[in-house]
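S.K.: Put chain B on the given structure of chain A with help from the hints.
Number of protein chains: 2
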Amino acid sequence: MDTCFYCEKNEKLDSLMIPIVELEYSNVYLNRDQKHKGRCIVALKQHKTEYFQLDSTQNAGFFAEVTTVAKALQNLFNPGKINYATFGDLVPHLHVHVVPKYVDGLQWGAPFDDSVPKQLCSEAEYQRLVQQIEKEIENLRQ
Amino acid sequence: MDTCFYCEKNEKLDSLMIPIVELEYSNVYLNRDQKHKGRCIVALKQHKTEYFQLDSTQNAGFFAEVTTVAKALQNLFNPGKINYATFGDLVPHLHVHVVPKYVDGLQWGAPFDDSVPKQLCSEAEYQRLVQQIEKEIENLRQ
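Protein chains in written order, with numbering that gives the first Met the number 0: chain A, 0 to 141; chain B, 0 to 141.
Same shape as in the complex, but just chain A (with noise of 0.2 Å):
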């Protein structure tokens, strides 16, 4: 198998993203380019790379927290609509990228993509929207 840092938690994945919160299903990490703010990605503990090798439990428990993870994002950021992606061609680990979009803001009406600026925070912004995330994702799973 080709190596997957989904699965490794190495360097390329800390460049890329913050660990939130391990769930039953996924890890939540914060996207380390906030040009969308609040942008996360979900991923599958499992190395699994099509929604139709998990069973049917999996596959709801997954959406459930992803689902879980985006009304955390339009609790604390009010987005004018969340964007939802599973692309994943050369890194085929499933995860899903929940993206706000903010009404008027950058790429809203369009997809969202990569093509900008990558627009990175201090340390100290990570943690508080790492922490942030974390504290209402607990909260609506109670």
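Quick caveat, the hints were computed from the structure, so don't treat them as lab data.
This structure is a prediction, so every number in the text was calculated from the model and none was measured.
Wrong hints could be hidden among the right ones.
Heads up, the list lumps identical chains together, so a pair's fine if it works in one copy or across two of them.
In silico DSS-like links for lysine-lysine, alpha-carbon gap of 27 Å or less [unchecked claim]: (1) LYS44 to LYS70; (2) LYS70 to LYS36; (3) LYS47 to LYS70; (4) LYS134 to LYS8; (5) LYS70 to LYS34; (6) LYS36 to LYS134.
M.R.: Showing chain B alone in chain A's frame:
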């Protein structure tokens, strides 16, 4: 409420997609633009705009149907990876673009997008695709 073509099933919808089958939670459509062979849209029947507006049964049921459609496309067309996206900033009625990607084919390794010309088919070809996909979904649901 603004006009919603997924609710109205009007000529705007007809210009973009062709009905394949109605499932319990979703309507499945063939995308008229077939530059990614087999591209479908799975639209929630109800008018909801974020997944956290669904209860857990609806959420699980909807994503199970998305997954069945993906499996049907895999069986029929053998893509290298399937991409899944819910955008909808301007058309917020929940729908997933299910987009087969082919190794070294169009936009392989990049997010799919519609910046390249549409690839339309003859009505006969559309009907053949619709029938193939409908039959495969039916087989998978038995």
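S.K.: Hints first: check each against the structure and report whether it holds.
M.R.: Results of checking the hints against the structure:
no. : hint            : result
1   : LYS44 to LYS70  : both (21 Å within a copy, 21 Å between copies)
2   : LYS70 to LYS36  : within (14 Å within a copy, 33 Å between copies)
3   : LYS47 to LYS70  : both (25 Å within a copy, 14 Å between copies)
4   : LYS134 to LYS8  : within (23 Å within a copy, 41 Å between copies)
5   : LYS70 to LYS34  : within (19 Å within a copy, 34 Å between copies)
6   : LYS36 to LYS134 : within (17 Å within a copy, 42 Å between copies)
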